[in-house]
Amino acid sequence: MNKEKGFAKYIRDITQDAQMVRLFVIMVAAFVIMGIASGSKFLSLSNFQSMARTFPEVGILAIAVSLAMLLGGINLSVVGIANLSGIFCCKFIIATQEKIGMWPAIFIGLAIAMVVGALCGLLNGFLIAYVGIPAMLATLGSQEIFTGLGVGVTKGAAVFGTPSEFTFFGGAYIFGVIPMSLIVFVVVVVIFTILLQRKQYGMELYLVGTNAKAARFSGIKNERVILKTHVYGGILSAIAGIIIASGTNSAKASYGSSYVLRCLIVAILGGINPSGGFGKITGVVMAVLTIQFLSSGFGILRVDSYFQTFVWGAVLVGDMILNHYMDKLAENRKKKKAEKETAS
Amino acid sequence: MAGKTLIKLDGISISFGGVHALQDVDLEILEGQTLCLAGENGGGKSTLIKIISGFYRPDRGTIEIDGKQYSHFTPKQAIDLGIQVIYQDFAIFPNLTVAENIALSAERLDGRKTVNWKNVKRRAQEALDMINVRMDLDATLADLPVASKQLVAICRSLLQNARLLIMDEPTTALTKNEVNSLFKVVRDLQKKGIAVVFVSHKLDEVYEIAEQLVILRNGKKVIEGPIREFDRKRFIYYMTGREIESETFEAKNIGSEPVLEVRNIGIKDLFADISFKLYAGEVLGITGLLGSGRSELARSLFNLEKIDTGQVFLEGKELKLKSVKDAINAGIAYVPEDRLTEGLFMPQTISRNMISAVIERNLNKAGLIDTNGVRERSMEWVKELKVKTPSTELPAQALSGGNQQKVVLAKWLSTKPKVLILNSPTVGIDVGAKADIYAYTRMLAEQGIGVIIISDDLPEILDNCNRALIMKRGRLAGEFQTSEMDETRLADILAEANDKGGAA
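From first to last, the protein sequence lines stand for chains A and B.
Mapping of the first sequence onto my numbering: residues 2 to 345, in sequence order.
Mapping of the second sequence onto my numbering: residues 26 to 529, in sequence order.
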């Protein structure tokens with residue numbers, strides 16, 4: 002038996018997964034097309050840096066949405082959580098930086114953002130697992146609650162006045178080249194890939210998402226898995242919220258309102274099955290990169306932003322059509338092979 | 026009774042994804058004939074039906090109807106030719122009335138743009154008269170029992186001028202009385218010259234209703250002939266391809282101390298005052314009619330339902346269970362009644378299914394899932410239980426019913442139980458897999474595991490348990506040694522229990 006270990010084995014499994022290979026092809030195609038169409042500007046270091054600064058926000062939020070989708074649910078409140086966490090973080094830093102010093106204020110502020118995110122996730126998880134509200138309705142409602150709270154705290158205005166050092170988490174370049182937000186994204190991806198593929202929690206998440214009843218009969222504590230998933234989703238949203246707040250050095254209840262739909266598109270394009278139980282973080286990463294290549298390319302080509310929305314939709318629908326025909330092709334190939342075997 | 030040829034299949038072959046579902050199958054059905062299509066799951070029965078009904082297009086072979094040859098036909102053509110299939114789920118509209126369900130598709134065939142509601146009721150009544158059944162035309166289908174839904178489906182197909190009626194396992198969800206009235210309807214249809222193809226693996230019913238028997242195995246027709254030429258042994262032999270010995274279980278080494286003891290347990294409105302002991306090495310049966318509380322009792326032992334009163338002892342120690350996980354860790358395993366919704370994660374891999382009850386026992390030192398170990402252990406279970414699959418990484422839904430049930434069994438045995446509770450373990454499973462599962466439970470009992478089989482399949486209880494309890498309306502109504510009981514008497518006791526229950 003083949004006994005590869007760790008990363009090598011993971012890569013081998015991915016290359017055997019037709020869906021992942023397909024996503025990889027789409028991603029490379031998007032890159033090549035944009036590289037040819039918009040030429041040297043697209044392939045420049047500054048464009049790469051700008052892309053690498055931008056996509057982690059959506060990428061992390063899309064992972065949060067994907068977790069909820071693996072349960073067969075959804076999370077429409079990720080942007081609300083991100084903004085609320087960002088607001089609390091900034092407010093705290095502004096209020097305390099003179100009393101306790103700037104860096105302590107920043108770090109406690111970050112911790113507060115995470116705690117706010119976790120609490121928001123806890124509310125979502127509680128509504129879904131224990132009150133029994135469908136995820137779509139629960140998170141639609143909580144999105145309004147979180148945004149409303151944010152507006153209430155800020156009176157609708159942006160929160161300014163955080164020290165420039167706060168921009169380190171969303172705006173700094175490590176060694177002057179690699180954006181900090183990209184590093185955060187990579188860390189998140191590694192942690193959640195391991196969590197989903199190799200930890201007990203991940204296996205339980207997939208099983209509950211596949212068949213909640215059978216999971217209960219197998220001794221899995223469904224409510225706890227749901228609660229945990231939404232707490233993770235809340236923390237991830239808070240991390241995205243920190244990156245957004247840090248990138249703009251401000252926080253506002255209405256930032257990123259277009260992100261929710263974009264996260265959904267990324268998750269579905271990334272192969273997360275909306276009815277639960279199937280999908281990988283790796284797919285989500287490739288999907289968010291694909292969308293980013295297209296966005297940047299179109300930006301350089303000065304394409305109307307309405308047209309960009311159209312293209313995202315077209316890519317999503319196109320991927321599903323491709324899925325359908327590739328599956329058919331595979332079926333036919335098997336059939337032909339079988340016929341040959343019979344004939345010989 | 027049978028007349029001239031209605032439909033003739035010649036050399037039908039079809040394969041899916043490299044698997045030959047049917048190979049070179051010939052079949053002739055006569056007018057007014059009742060033909061039984063038998064075979065184990067995965068034998069090709071469903072595929073054959075779907076070819077006759079135009080759902081699949083065969084790779085090779087021809088179909089001849091009314092002297093005309095077809096290489097295949099569309100579902101619409103099949104309906105026009107008078108071929109009607111009643112699937113297990115009946116394909117009815119639960120939110121419509123009886124009349125609408127029966128007559129709307131025939132109305133649609135008339136090709137008018139609007140519905141004539143008077144006509145709908147008249148036609149529905151005519152169809153019901155044809156099979157001598159009375160039913161409220163305005164009742165909503167969702168409110169009716171399964172048997173009535175089935176009759177509605179039959180009526181609908183009659184209105185579409187059925188000449189050949191195919192019924193896919195029509196008796197699965199019916200009571201004995203309902204089966205009898207269904208058979209009466211089938212005989213009436215036969216007198217009208219309508220041919221009926223009956224798919225079943227319940228031997229008794231096949232003997233009762235069929236004239237002609239066709240057995241499929243691994244996609245090939247293995248034998249065909251009048252039913253009177255087949256005794257049970259020959260029937261089973263052709264179905265499974267092997268001789269199956271059915272030998273009554275005798276508990277050889279019964280332990281001196283009970284492994285499980287139940288004292289006066291009850292759940293409000295479900296069952297009350299249940300006490301029994303289960304010794305290691307025993308196979309204890311629990312039987313009773315539907316609604317007698319037998320399933321609820323089993324679920325409560327596994328903590329899926331919380332008991333209100335009473336105590337449960339495992340190996341002399343009282344169990345205080347808070348969750349299903351506690352029950353599993355204490356050494357109780359429960360193979361549920363419905364493997365599709367309760368037992369398995371159908372689209373997930375066989376190996377994932379097998380470890381799903383004890384994921385935490387499959388971690389390595391770093392706290393990560395030991396994927397290689399999981400694969401190896403799953404492969405061992407596949408060999409041990411003779412699961413027919415090329416790989417443990419296939420989804421469970423790729424397997425036949427019997428093999429799926431073996432996966433469920435493996436899942437629960439890998440929890441290393443002291444008490445194994447099997448609820449209706451062989452429903453919808455073919456004879457071969459049944460025998461494997463029975464043989465395995467016997468072996469487990471001999472190894473000192475306490476086994477409980479809950480079932481309303483009386484031969485199953487009598488052949489495989491050494492002792493059995495009878496449940497009636499939520500209470501224990503009797504206990505017997507299976508060696509001192511026979512099927513007729515047991516059936517009488519159960520029926521009697523029911524009558525008394527009804528009178529009370």
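Incorrect hints may appear among the rest.
The list that follows gives simulated cross-link-like pairs (lysine to any residue, SDA-like), each with its CA atoms no further than 20 angstroms apart [claimed, not checked]: (1) A/K214 with B/V383; (2) B/K347 with B/K245; (3) B/K201 with B/Q185; (4) B/K350 with A/N223; (5) B/K331 with B/R288; (6) B/K408 with B/A391; (7) B/K413 with B/R242; (8) B/K345 with B/G356; (9) A/K214 with B/L365; (10) A/K222 with B/I290; (11) B/K441 with B/Q472; (12) A/K200 with B/A391; (13) A/K229 with B/G392; (14) A/K222 with B/D351; (15) B/K441 with A/R217; (16) A/K229 with A/I134; (17) B/K390 with B/T374; (18) A/K229 with B/K443; (19) B/K33 with B/T99; (20) A/K200 with B/R402; (21) B/K331 with A/N223; (22) B/K277 with B/D84; (23) A/K200 with B/G473; (24) B/K350 with A/A213; (25) B/K277 with B/T99; (26) A/K214 with B/Q506; (27) B/K390 with A/Q198; (28) A/K200 with B/P415; (29) A/K92 with A/T148; (30) A/K329 with B/D84; (31) B/K413 with B/R402; (32) B/K174 with B/V145; (33) A/K329 with A/I134; (34) B/K75 with B/K331; (35) B/K331 with B/E286; (36) B/K302 with B/K201; (37) B/K347 with A/R217; (38) A/K214 with B/K331; (39) A/K214 with B/D351; (40) A/K214 with B/K390.
Treat the hints as calculated values from the structure; they're not laboratory data.
Keep in mind that this is a model prediction, so the values were computed, not measured.
Comparing the hints with the structure gives:
1. A/K214 with B/V383: Given pair A/K214, B/V383 holds - Cα atoms ~16 angstroms apart, limit 20 angstroms.
2. B/K347 with B/K245: Between B/K347 and B/K245 the Cα gap is close to 52 angstroms, so the pair fails against 20 angstroms, i.e. violated.
3. B/K201 with B/Q185: Roughly 29 angstroms separates the two Cα atoms, so the pair is violated.
4. B/K350 with A/N223: Answer holds: B/K350 to A/N223 is near 11 angstroms, not above 20 angstroms.
5. B/K331 with B/R288: Satisfied, since the Cα-Cα distance of roughly 15 angstroms is no more than 20 angstroms.
6. B/K408 with B/A391: violated (29 angstroms)
7. B/K413 with B/R242: holds (15 angstroms)
8. B/K345 with B/G356: The hint holds at about 13 angstroms.
9. A/K214 with B/L365: Measuring from Cα to Cα gives roughly 10 angstroms; hence the hint holds.
10. A/K222 with B/I290: violated (25 angstroms)
11. B/K441 with B/Q472: holds (12 angstroms)
12. A/K200 with B/A391: Distance ~10 angstroms between A/K200 and B/A391 Cα, so the pair holds.
13. A/K229 with B/G392: holds (18 angstroms)
14. A/K222 with B/D351: holds (11 angstroms)
15. B/K441 with A/R217: holds (19 angstroms)
16. A/K229 with A/I134: Within the cut-off at roughly 17 angstroms; holds.
17. B/K390 with B/T374: violated (24 angstroms)
18. A/K229 with B/K443: violated (32 angstroms)
19. B/K33 with B/T99: Holds, at about 17 angstroms.
20. A/K200 with B/R402: holds (18 angstroms)
21. B/K331 with A/N223: Holds, because 17 angstroms separates the two Cα atoms, which is no more than 20 angstroms.
22. B/K277 with B/D84: violated (54 angstroms)
23. A/K200 with B/G473: Given pair A/K200, B/G473 is violated - Cα atoms ~34 angstroms apart, limit 20 angstroms.
24. B/K350 with A/A213: Holds, at roughly 15 angstroms.
25. B/K277 with B/T99: Violated: B/K277 and B/T99 sit about 59 angstroms apart, past 20 angstroms.
26. A/K214 with B/Q506: violated (36 angstroms)
27. B/K390 with A/Q198: The given pair, whose Cα atoms are some 16 angstroms apart, holds under the 20 angstroms limit.
28. A/K200 with B/P415: Answer violated: A/K200 to B/P415 is near 27 angstroms, above 20 angstroms.
29. A/K92 with A/T148: Holds. A/K92 to A/T148 sits at ~16 angstroms (cutoff 20 angstroms).
30. A/K329 with B/D84: Distance ~17 angstroms between A/K329 and B/D84 Cα, so the pair holds.
31. B/K413 with B/R402: holds (16 angstroms)
32. B/K174 with B/V145: holds (18 angstroms)
33. A/K329 with A/I134: violated (38 angstroms)
34. B/K75 with B/K331: violated (45 angstroms)
35. B/K331 with B/E286: Holds: B/K331 and B/E286 sit about 17 angstroms apart, inside 20 angstroms.
36. B/K302 with B/K201: Judged against 20 angstroms, a Cα distance of about 32 angstroms means the pair is violated.
37. B/K347 with A/R217: holds (13 angstroms)
38. A/K214 with B/K331: holds (17 angstroms)
39. A/K214 with B/D351: holds (17 angstroms)
40. A/K214 with B/K390: violated (30 angstroms)
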